[in-house]
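Asks: Sequence:
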Amino acid sequence: FMVVSFFWSVRQPPPGAGGGDTDAGGADADAAGGDAAGGDAVDPADVKLPLALATPWLERGYFLSLGEKIREEGRSFFRTARGAFVDVASISAYDAKDFQGVALGDEIAFPIAYTSKETKLLQLTDDDKLKAIKTLEKRTMVDVDEETEIGGKAYMITPEGHLIRKDHLLMPELQPLPKGIDPWERWIDVSISKQMLVAYEGTRPVYVTLVSTGKKGTKEEPFDTPTGRWRIYSKHISTTMDGNTASDGSYSIQDVPWTMFFYGSYALHGAFWHRSFGRVRSHGCVNLGPSDARWLFFWTTPFLPDGWHGVHATDESPGTTVIVRE
1 FMVVSFFWSV
11 RQPPPGAGGG
21 DTDAGGADAD
31 AAGGDAAGGD
41 AVDPADVKLP
51 LALATPWLER
61 GYFLSLGEKI
71 REEGRSFFRT
81 ARGAFVDVAS
91 ISAYDAKDFQ
101 GVALGDEIAF
111 PIAYTSKETK
121 LLQLTDDDKL
131 KAIKTLEKRT
141 MVDVDEETEI
151 GGKAYMITPE
161 GHLIRKDHLL
171 MPELQPLPKG
181 IDPWERWIDV
191 SISKQMLVAY
201 EGTRPVYVTL
211 VSTGKKGTKE
221 EPFDTPTGRW
231 RIYSKHISTT
241 MDGNTASDGS
251 YSIQDVPWTM
261 FFYGSYALHG
271 AFWHRSFGRV
281 RSHGCVNLGP
291 SDARWLFFWT
301 TPFLPDGWHG
311 VHATDESPGT
321 TVIVRE
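Counted the way my numbering counts, the sequence shown spans residues 1 to 326.
It is possible that some hints are incorrect.
Unchecked claim - With a cut-off of at most 25 Å between alpha-carbon atoms, the simulated SDA-like pairs for lysine to any residue come out as follows: (1) Lys215 <-> Asp143; (2) Lys117 <-> Arg139; (3) Lys134 <-> Lys153; (4) Lys153 <-> Lys179; (5) Lys69 <-> Gln100; (6) Lys117 <-> Glu146; (7) Lys120 <-> Val88; (8) Lys97 <-> Glu137; (9) Lys120 <-> Asp143; (10) Lys215 <-> Arg281; (11) Lys117 <-> Ser276; (12) Lys117 <-> His162; (13) Lys166 <-> Glu149; (14) Lys134 <-> Thr119; (15) Lys117 <-> Ile150; (16) Lys216 <-> Asp167; (17) Lys179 <-> Phe110; (18) Lys134 <-> Gly161; (19) Lys215 <-> Gly161.
As the list claims (entries may be wrong) - Restraint-style ranges between C-beta atoms, simulated for each label pair: (20) Leu174 <-> Lys153: 18 to 28 Å; (21) Arg204 <-> Asp306: 25 to 35 Å; (22) Lys131 <-> Lys97: 33 to 43 Å.
If you are wondering where the hints come from, they were derived from the structure by calculation, not from laboratory data. Backbone N, C-alpha and C define an ideal beta-carbon position, used for all residues, glycine too.
Please take these sequences and the hints and turn them into a complete structure.
Replies: Here it is, written out as structure tokens:
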């Protein structure tokens with residue numbers, strides 16, 4: 001099943017020092033660079049009126065997942081998915097973001113690329129001049145065939161014979177089958193330098209998209225996504241992620257969708273709060289567009305049994321291999 005929620009951003013700062021959302025997990029994992037997860041969903045408690053305002057305070061920028069709206073003594077409140085209440089006057093609706101990569105097959109195959117910035121689709125005229133015929137928005141997927149050089153600059157040629165500057169493109173590199181992976185096995189390759197993810201079945205790439213990995217932090221608070229090889233050890237339809245950092249302050253996001261943990265608190269997960277895919281952004285996790293995260297969630301192992309909210313890998317049902325490299 002799928003949880004459908006409304007996401008809101010708290011816009012009022014707390015009137016004093018206070019903790020974060022107690023439904024969320026602590027910041028222990030964030031100190032190591034990951035996004036801490038915690039706070040299992042609970043059945044909402046019965047409303048007991050009158051409502052009393054109490055700690056914890058929610059800081060500006062926190063995200064809440066909301067349910068029904070109630071009104072008491074002239075004030076309106078939303079019940080949160082965790083059974084608490086928040087004043088409607090202190091929150092504002094948030095327009096969730098998305099990005100979706102592409103499934104590969106007969107019509108779309110390697111090599112492909114995404115534009116890293118707004119760029120021009122060019123055509124070589126009869127007098128050997130480059131003419132712009134179209135503007136491509138940032139993060140546009142394009143088919144490319146081969147490379148050429150014109151005027152000392154590298155260009156990629158599209159199947160239609162058009163040209164795009166190579167340094168304006170993010171292009172995944174086909175990876176060999178890793179040692180220990182069976183020819184039929186599913187695995188994931190994440191490139192930090194290209195900010196791209198490719199899902200493979202054996203040697204065959206089946207899905208390509210852009211990601212956002214860990215941004216540059218500090219020596220005391222590194223946000224880098226670790227490189228290495230792991231297996232997904234647990235998956236959750238949604239989870240709460242929060243933390244408290246000296247450089248970024250505190251944050252709390254309820255119902256982070258389609259979360260797949262592969263190493264400690266590091267996970268592949270949907271990120272509805274930005275569309276910066278193709279460049280570093282996170283506190284260490286691999287951020288995906290929610291649509292991409294959902295596709296990977298149901299493609300990876302361990303598979304989620306019908307009616308379950310989460311699942312852990314076992315010896316009999318191991319998780320999909322995740323390789324993160326520079």
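Asks: Each of the hints needs a verdict: does it hold here or not?
Replies: Now the hints, each set against the structure:
1. Lys215 <-> Asp143: violated, 29 Å
2. Lys117 <-> Arg139: holds, 7 Å
3. Lys134 <-> Lys153: holds, 19 Å
4. Lys153 <-> Lys179: Violated: Lys153 and Lys179 sit about 37 Å apart, past 25 Å.
5. Lys69 <-> Gln100: It is violated: about 32 Å lies between the C-alpha atoms, which goes past 25 Å.
6. Lys117 <-> Glu146: holds, 20 Å
7. Lys120 <-> Val88: violated, 45 Å
8. Lys97 <-> Glu137: holds, 17 Å
9. Lys120 <-> Asp143: At roughly 15 Å apart (the allowed maximum being 25 Å), Asp143 and Lys120 satisfy the hint.
10. Lys215 <-> Arg281: Judged against 25 Å, a Cα distance of about 5 Å means the pair holds.
11. Lys117 <-> Ser276: It holds: about 11 Å lies between the C-alpha atoms, which stays within 25 Å.
12. Lys117 <-> His162: holds, 18 Å
13. Lys166 <-> Glu149: Holds. Lys166 to Glu149 sits at ~10 Å (cutoff 25 Å).
14. Lys134 <-> Thr119: holds, 9 Å
15. Lys117 <-> Ile150: Holds. Lys117 to Ile150 sits at ~20 Å (cutoff 25 Å).
16. Lys216 <-> Asp167: Holds, at about 23 Å.
17. Lys179 <-> Phe110: Holds. Lys179 to Phe110 sits at ~22 Å (cutoff 25 Å).
18. Lys134 <-> Gly161: Given pair Lys134, Gly161 holds - Cα atoms ~14 Å apart, limit 25 Å.
19. Lys215 <-> Gly161: violated, 37 Å
20. Leu174 <-> Lys153: 18 to 28 Å: Holds, since Leu174 and Lys153 (Cβ atoms, about 24 Å apart) stay within the stated range.
21. Arg204 <-> Asp306: 25 to 35 Å: Between Arg204 and Asp306, where Cβ atoms are some 28 Å apart, the hint holds.
22. Lys131 <-> Lys97: 33 to 43 Å: holds, 34 Å
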